[in-house]
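Chains A and B are the protein sequences, given in the same order. According to my numbering, the first sequence holds residues 43 to 399 in order. According to my numbering, the second sequence holds residues 19 to 377 in order.
The hints are simulated quantities; they were obtained by calculation from the structure and are not laboratory data. Backbone N, C-alpha and C define an ideal beta-carbon position, used for all residues, glycine too. Treat the hints with caution; some may be incorrect.
[Said to hold, decoys possible] Label pairs and their computed distance ranges (CB to CB):
id: 1; chain 1: B; residue 1: Tyr21; chain 2: A; residue 2: Pro189; range: 25 to 35 angstroms
id: 2; chain 1: A; residue 1: Ala72; chain 2: B; residue 2: Arg145; range: 20 to 30 angstroms
id: 3; chain 1: B; residue 1: Leu51; chain 2: A; residue 2: Gly287; range: 56 to 66 angstroms
[Unchecked claim] Pulled from the structure, derived: some chain A residues nowhere near chain B, Cβ distances all over 12 angstroms:
id: 4; residue: Leu66
id: 5; residue: Ala72
id: 6; residue: Val75
id: 7; residue: Gln95
id: 8; residue: Ala159
id: 9; residue: Val169
id: 10; residue: Phe263
id: 11; residue: Arg268
id: 12; residue: Asp278
id: 13; residue: Ala282
id: 14; residue: Phe360
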Amino acid sequence: MSEVATRPAPNLLSNGWIKTGLILIGVVLAAIVGAQLDSSGTLHKVLIDPFQQMVSAPDLLVQTVWEGLVSGVLYALIALGFVLIFKASGVFNFAQGIMVVFAALTLVGLHEKGVPAFLAVILTLGVMFLLALTIERVVLRPLVNQPDIILFMATFGITYFLIGFGEAVFGGNPKQMITSELYLPKGAIDAKILGGFVSFQKIDIAAAIIASIMIAALAVFFQYTRIGRALRAVADSHKAALSVGISLNQIWVIVWFTAGIVALITGIMWGARSDVSFALEIVALKALPVLILGGFTSIPGAIVGGLIIGIGEKLGEFYWGPLIGGGIESWLAYFIALGFLLFRPQGLFGDKIIERI
Amino acid sequence: MFYREAGQYKSTYAADMAVFPLRQDRIGIAVILAIAFIGIPMIGNDFFIATVMIPFLVFSLAAIGLNILTGYTGLISLGTAAFMGVGAYACYKLTTFFPGVNIIVLILISGLFSAAIGVLFGLPSLRIKGFYLAVATLAAQFFLQWAFVRVPWLFNYNASGAIEVPLRSLFGIPITGASASAETRYFVCLGLVVVLTWFASNLVHGRLGRSWMAVRDMDIAAELMGIKLLNAKLLAFAVSSFYAGVAGAMMIFLWYGGGEAADVFNIRLSFNILFMVIIGGLGSLIGSFFGAAFIASLPTILKFGLPALGVPLSGAAAEHVTFMLVGALIIIFLIVEPHGLARLWQITKQKLRTWPFPY
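Use the sequences and the hints to build the structure in full.
What follows is the structure, given as structure tokens:
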């Protein structure tokens, strides 16, 4: 397991990566040659035709990549909530997806009751804080020091509870997100790119910008504030943090509240793209391959992973999906992530897993 | 006070390692089997057997399968429902190709197909572990669920996409299909579950089971001791998926009697079975039964029990309250007894053993 051990002089062919790479290049070349020989064969459809389409209609390619980018940002936001909690408390928080739905539902529900939009946002933040406080008191504190899988199951309990609670209070019908009340832009910009029109939804642009601002704000918060330093200390080692007088309970409330804020923003953006309903919960599962791709403990990993998954699955669905019947979006993300995992088991940016006996 | 185990001496290693080394356990298991085979069919009506007992048996078998993987080998899987689905569709295809073969044999064989698919999706477990593996098994869940809808060959190209369960009989008594009675189906389920549980019990008490537990406790140490991780982990996936596959085939053929199978084997079912394993107790066969009984009966109990207690509930509200209660109960349960119902069972036995004088 020791990475420090001195290595012998490099023999290029003995390096597994280079060997694998050479073999892969060989296979690809052989396949392309084979495919070219047969212009209607399966290999042609898989290896040549999609790329020809990309070159011949670059505007479609730009559109697809853009849509992948936007859904990638949203996956990244959900993954970000996971990562925050996993880093600070070691809990694999399955409830992040439902927290997104719950936050959005609370916002819309409050507005329906006649609360002005921005007051509703503040009240929703209050609700998310209460939720964080409750989860810490009722779930995390009694379960401290239990195995990870028990905490994981407890977040399932939270998920079920929030589904029932949300439906009982706000009803199960899909709702419209209050986009115009929050001054979020509507409509689309049609830009002339590469000889075709590409349409950018304004809300998507806004989502990308807001997500970037939020991530930057989180980075500043973690880097330069007292609480942020405490959070990083807890993420490094619970015991060491406790011994220098950091209150774990307080940190957990803060971190779950931060995840709640992220959930609210994700909920607003996602709700604005479609509508606010519990169907989001299933979509939120897409954040899981993003997590294993980026690593459970890395914020940049969540973002890069989200973008890779988002773009990868949209390109795959658009260019390769029709070959095998479509609808491959539901699982393609997992296979992309698995492909990466075979080479880096800890994800792209995750902490190196060092095991000792 | 209620019973003593003292004085039962073992003179051979085999006797000491027996599945039920104690006389009281043997009596207990005989009583349980007698109740299951004679008592329940005698006192239970068709509704009770069809909506409570058969689901309980099917879920128990699936939970045993997942327990072998998660509880004994320490590999978390969130794809159990998909492996169950493989069993169901394999069984359907087998009944189409071999209409003459006994359906029970086909149900068991369909488990083998599920095992093969399980090994395939278990391959990442050689590189990754923990929650990374859990998420990787979701790939199986989503891919297979997609395949159940998009590959028409699996459901014989029929327009509805549903599995049609044909009429099959054993000794002239119909056991699958519309005309099979609930009791017959119950006996078939019970027989399969008893035999497979006995098999699993032998497996986990034997050499293979010990190597699985060594891998669970620390895989690197197990490897240093000479356990081949490749074999142990993939075998765990194979056996686990076999049990899941048989459970899935039983679910469609003996419980549902056909229908839109792709919707049944969804991710929520995977989670439910993981609940059963964790609430029942990781690494315990009897815990799998407890967990299945608890989770499978909870919605029914809440549905019929709450109105009986005087809590008036209409359809939609009942569903919301059920969700909230299930969530709350899971959390309460994990806080009160994180080691599951199997541990409670052990505590109870200990209490009975030492009853009036606890020290």
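A quick look at each hint next to the structure:
| no. | hint | verdict |
| --- | --- | --- |
| 1 | Tyr21/B <-> Pro189/A: 25 to 35 angstroms | holds, 33 angstroms |
| 2 | Ala72/A <-> Arg145/B: 20 to 30 angstroms | holds, 27 angstroms |
| 3 | Leu51/B <-> Gly287/A: 56 to 66 angstroms | holds, 59 angstroms |
| 4 | Leu66 | holds, 18 angstroms |
| 5 | Ala72 | holds, 25 angstroms |
| 6 | Val75 | holds, 30 angstroms |
| 7 | Gln95 | holds, 22 angstroms |
| 8 | Ala159 | holds, 27 angstroms |
| 9 | Val169 | holds, 16 angstroms |
| 10 | Phe263 | holds, 26 angstroms |
| 11 | Arg268 | holds, 31 angstroms |
| 12 | Asp278 | holds, 19 angstroms |
| 13 | Ala282 | holds, 22 angstroms |
| 14 | Phe360 | holds, 17 angstroms |
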